[in-house]
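A.B. asks: Each chain is listed here by its residues.
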Amino acid sequence: MKRPVVPLLVIVAGTVLAGLAPLVMPPFSVRLGQLVLFYGGLAVAWNILGGFAGYRSFGNTAFIGIGAFTAGLLQPYLQGLQPLAGFVAGLVAGISACMVVSGLLAYPILRLRGAFFAIATLGVAHVCAELTNNIDAFQGAMGLTFPEIVPFDWEPRIFFYELYLAAAVITLLIAWFIKNSRFGYGLLAIREDEDTARMLGVPTERFKALALVISAGLTGGFGVIFANSLGYITTNSVYRDDTSLNLIVYCLLGGVGTLFGPVIGTILLVLLIQLVLGNLLDFHLFATGLLLVVLVLVAPDGVLGVIRKWRLKRRLAALEQA
Amino acid sequence: MTEAPILRVDALTRRFRGLVAINDLSFSVRAGSITSVIGPNGAGKSTLFNLITGYLRPSAGDVFFHEKRITGMSTDRIAAGGVARAFQIARPFRDLTVEENIRIGALFGKHGPRDVPATVSRALRLTGLQALQDEHTSALTVGQLRQLEVARAVATRADMLLADEPCAGLNPAETAHMIDVLRQVRDGGVTVLLVEHDMPAVMRVSDRIVVLDAGNKIAEGSPDEIATNPRVIAAYLGTPDPMT
Numbered sequence: 001m002k003r004p005v006v007p008l009l010v011i012v013a014g015t016v017l018a019g020l021a022p023l024v025m026p027p028f029s030v031r032l033g034q035l036v037l038f039y040g041g042l043a044v045a046w047n048i049l050g051g052f053a054g055y056r057s058f059g060n061t062a063f064i065g066i067g068a069f070t071a072g073l074l075q076p077y078l079q080g081l082q083p084l085a086g087f088v089a090g091l092v093a094g095i096s097a098c099m100v101v102s103g104l105l106a107y108p109i110l111r112l113r114g115a116f117f118a119i120a121t122l123g124v125a126h127v128c129a130e131l132t133n134n135i136d137a138f139q140g141a142m143g144l145t146f147p148e149i150v151p152f153d154w155e156p157r158i159f160f161y162e163l164y165l166a167a168a169v170i171t172l173l174i175a176w177f178i179k180n181s182r183f184g185y186g187l188l189a190i191r192e193d194e195d196t197a198r199m200l201g202v203p204t205e206r207f208k209a210l211a212l213v214i215s216a217g218l219t220g221g222f223g224v225i226f227a228n229s230l231g232y233i234t235t236n237s238v239y240r241d242d243t244s245l246n247l248i249v250y251c252l253l254g255g256v257g258t259l260f261g262p263v264i265g266t267i268l269l270v271l272l273i274q275l276v277l278g279n280l281l282d283f284h285l286f287a288t289g290l291l292l293v294v295l296v297l298v299a300p301d302g303v304l305g306v307i308r309k310w311r312l313k314r315r316l317a318a319l320e321q322a
Numbered sequence: 323m324t325e326a327p328i329l330r331v332d333a334l335t336r337r338f339r340g341l342v343a344i345n346d347l348s349f350s351v352r353a354g355s356i357t358s359v360i361g362p363n364g365a366g367k368s369t370l371f372n373l374i375t376g377y378l379r380p381s382a383g384d385v386f387f388h389e390k391r392i393t394g395m396s397t398d399r400i401a402a403g404g405v406a407r408a409f410q411i412a413r414p415f416r417d418l419t420v421e422e423n424i425r426i427g428a429l430f431g432k433h434g435p436r437d438v439p440a441t442v443s444r445a446l447r448l449t450g451l452q453a454l455q456d457e458h459t460s461a462l463t464v465g466q467l468r469q470l471e472v473a474r475a476v477a478t479r480a481d482m483l484l485a486d487e488p489c490a491g492l493n494p495a496e497t498a499h500m501i502d503v504l505r506q507v508r509d510g511g512v513t514v515l516l517v518e519h520d521m522p523a524v525m526r527v528s529d530r531i532v533v534l535d536a537g538n539k540i541a542e543g544s545p546d547e548i549a550t551n552p553r554v555i556a557a558y559l560g561t562p563d564p565m566t
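Sequence order for the protein chains is A and B. Per the numbering used here, the very first residue in the first sequence carries number 1; after that it's consecutive. Per the numbering used here, the very first residue in the second sequence carries number 323; after that it's consecutive.
Because the hints were derived from the structure by calculation, they are not lab data.
A partial selection of chain A residues facing chain B, derived with a Cβ cut-off under 7 Å:
no., residue
1, Arg182
2, Met199
3, Leu200
Built from N, CA and C at the ideal position, the CB exists for glycine as well.
Between the sequences and the hints, there should be enough to build the whole structure, so can you do that?
C.D. replies: Here it is as structure tokens:
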């Protein structure tokens, strides 16, 4: 299938620029960059199921937690390995665990649609958090520590920035590949009208499950990196409802279902929250929720959606004149 | 030797609690023909389409396609096996362009993603939608949306097209165009099973007609036979000479 190369060039150019940016950025900006890359990557992963297929999860934090705790619980068995090799092993295990769990969840929860699906995913996240917190083997209440993995003389801040960048770029490339593939068109058809998609031969159940598994695996990968960057995790630090909510807001703001919408939304909102709303302390969650309501009412298709609608209106006007 | 039918409906029954929507219905469709299913509202025509496409499961009976039993198979597998459907109320993918709508049909369906651009081009040409291929579906008229339904279904390269009232709500010129398109579809080797209320259109285009009334088959035959069948006239057509 012919794939548009412009988005790929944008990704490559953005990667080069973002990769070199820490050389000139002050420490606070590098930390801000980490947040943008972490949430941006998570939003792109959420968008694979929530945007491309229209199944909007309110519980993606479940996979951040599963990924992080799988890697953390594996650490005692990896002590003979180099720290970086241990990280890679944890990453593989965390991603695999998320893919297996989401694969098992796919059949029951993907039979639900709309608000019912959203509530089910929120429930899954809460069940995972409660299990991690209350079953001693998971050590969610006590917490898990991660060894130092930063190699050579790298500054940890810059090392994790580059790690998040690599993960975000891989996630974006996977999303680009999916969006322009037969699988991506199938997801699009599911989002637009699932019954019609089925009538055209789209294997809807298989495609939805695959989208969920890919989205969960990528989210789990970010969970492992996040856990390593913190060095110590508890249930409360990785299973966070506000993270799930933020991902939806980022995608809505930028443009749900588009390739770059989640990235644009994340950049705009993380900067807004960190530089402006951060001063509101405990009220920033309220402000984020309020923004979500306003967005849904005023611009449900986000920044890119507004631009697309404007262009469509111009075309329609031109057609009417002709 | 008689050629095997492309579709065979065998003693098909569908009940919705107390209501029998399709009752012990049997008929077959010859490959390369246009067969119409007619009947008054509530006769069970759309239920029949839902049963053939796997959207509903029958209470009893079977559906065979190319002599393979497809009863109980999932809708997407039946579609991928070569049965396409154009809906009564056009259901375009609203956020996509005309070309993208048709491309989704071409990417899935019977032969998978082979020759997609050529298939899309053929479907656009067939339905006369070339000039609108880059437009969003919100820019289309009702008639064009109906053509898009047919184009998308044909793009699946199905062996059989189930067209559910494609002429409903169309003006005479659009109806004539639709009939011409259905004929071209048939001439291209695709069998057409048509549900339609526009009787002059049905009589013009059909090779064979099956008449339903309250879920029962009351007649089957050529357009001339159906036009003069007293049971059909009594149950549905209502006048001795309805074709004029």
